[in-house]
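Starting from the known structure of chain L, arrange chain P on it as the hints suggest.
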Amino acid sequence: MSPVGLNHILFLSSALFFIGVYGFLTRRNLVTLLMSIELILNSVNINFVAFNKYLYPENLDGLFFSIFIIAIAAAEAAVAIAIIINLYRSHQSIDVEDADSLRY
Amino acid sequence: MITSELFSVLKHEFCLLAILLVFLVLKIREREWKNETLIQLMNGLLVLNFIIGWLMNSEGVLFDGMFRNTLLIAFEKNILNFAILIVHLQSTEWMRRHKHLPEFYMLIVSSMLGMFFLLSSANWLMFYLALELSAIPLAALCNFDLEKKASGEAAMKMILSSAFSSCILLFGISLIYGSTGTLDFGEMAGRLSAMPLQILAFIFIFTGFAFKLSVAPFHFWTADVYEGSPVPVTSYLSVISKGTVVFVLSTVFYTVFGSMSGIWYDVLVVSTVITMTIGNLFALRQTNMKRFLAFSSIAQVAYILIGVSAGNEQGMASSIYFVLIYVFSNLGAFAVVSHISAMTGKESISDYNGLYKTNPALSWLLGISLFSLAGIPPTAGFFGKLFLLGAGAGTGNWPLIIFAALNMVVSLYYYLRVIRAVFMEPADSAIPKLTYGISVRLAMLICLGGMLLLGFTTGLYEYILSLSFGLK
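Protein chains in written order, with the working numbering: chain L, 646 to 749; chain P, 28 to 499.
Please keep in mind that the hints were generated in silico from the structure rather than gathered at the bench. Each residue gets a CB set at the ideal place from its N, CA and C atoms; glycine is no exception. Treat each hint with caution, since some may be false.
Said to hold, decoys possible - Listing some non-contacts, in silico: residues in chain P with all C-beta distances to chain L over 10 Å:
id, residue
1, N70
2, Y155
3, I163
4, S201
5, L219
6, Y292
7, I305
8, S377
9, L475
Unchecked claim - Stretch by stretch, here's where chain L covers chain P in the computed footprint (C-beta under 8 Å, at least three residues):
id, region
10, 176–185
11, 207–217
Isolated chain L (complex conformation) (with noise of 0.2 Å):
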């Protein structure tokens, strides 16, 4: 058996991006959506510390990167789940479709 390489890595960073944008265009429940925005950052995340690791070890950049990334996420989910709590108030459901006063 061959060592984990970068290339494992990227592969499951890539999957990892690619099924968070599917799930982020099909899913139709809000929380759902949010969860997919994570998991698309937790693909960024990856990437940045096997960059790190595997081709610039000598300096910390995209160690500090990810640091900052899941420090953010926290604040951008809550504010996203405060309005997703507001809109369950005014709409009574958290589905896409439900939210469709807006539309041309």
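Frame of chain L; chain P shown alone:
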């Protein structure tokens, strides 16, 4: 020495931070403040902020190359300071009827702070942090009409599309970090060689920008968010947020991706053509004034991209100049729309029938703003578009310029449709005569003056052009 340098380079950001702190202190004190007091206080602070913005600008680099200020960036920040002042002045009526003003101001100022850091960022980490700082409060602002269903929906669309777009942008950044090993703009520019991975990363990064700029095919959120949000937030989104992203897009393209200009030129041309067509075609069929202005702003962005595609100082200067003109013309139109919406709640184009009979002053302002947006001389919009197309013509891509000029004719149709409704249509139930306070009047006069003055003078363009030299 170090502290004084810190203060002079970070001056714009410190000013906004001071405003933020003032409202934070006001908020945590138990006392209830009257809206009128808060509005006057904010007016005073914003005027002060605008004036300080012009004093003693210095260039410099801070935080180990993460933050950089140049005279051009300081000028862009001054344009934004000016725009926020006008947005605030013109939406006085809406603010007067609203609770929780300190929170509103804190959110809008922190979003503004994010935009300033975004303009000054010279490192992708700083860039990402600033982008999120500017986007997250904005989503909360969209939801500020808490009792309205549409406002909640607008906020939901805003937060999801901005989160998704920054995810895609981040994926692009991670790929480009993998291929160059640095996050610094300057170092990265030296290591780019247009290899396939970098082109892919560029496409991802451009997609992120396209979402923020509402460039087609990533424009779906724009009209819904504009329609559902409170009017001050809509004008903030359409002018300040868009203007910032245009500034940042041109700096990132010119500095970081300067060596890949052959690739981004093609991407820009394709997205310009699609955006212009979609913006114009959809604007034709809108019946709501805010949606109409949303699609018109999508079409305007396409013209800015033509200027950016020139890839030289003219391109930079003409896009900044156009954003300045766009501030005047779009805020002029929004001043009328937001005032009518705040006073009567009417927003559809057919409600504007016969507006001229009852409110001639508002009608003239709306008419001149729409003429300026359409690009008819002698309003400022004509020269803005002239410089953009002139810069774009420098690359010799004539089919694109001819296409853009033809699209201007199409756009004339829907701008004139509104003007016809205002000036010529007979009114069954026209909007009654509206009164407006001193600050709304002042905002309108500034917009009108700006549109007409910039239509007759070009000194400012030369000034921006002189700042743009030595950019690359």
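Here's how the hints hold up against the structure:
no.: 1; hint: N70; in the structure: holds, 28 Å
no.: 2; hint: Y155; in the structure: violated, 7 Å
no.: 3; hint: I163; in the structure: violated, 5 Å
no.: 4; hint: S201; in the structure: violated, 4 Å
no.: 5; hint: L219; in the structure: holds, 16 Å
no.: 6; hint: Y292; in the structure: holds, 27 Å
no.: 7; hint: I305; in the structure: holds, 13 Å
no.: 8; hint: S377; in the structure: holds, 16 Å
no.: 9; hint: L475; in the structure: holds, 31 Å
no.: 10; hint: 176–185; in the structure: holds (count 8)
no.: 11; hint: 207–217; in the structure: holds (count 3)
When the structure is compared with the earlier hints, violations turn up for hints 2, 3 and 4 and for no others.
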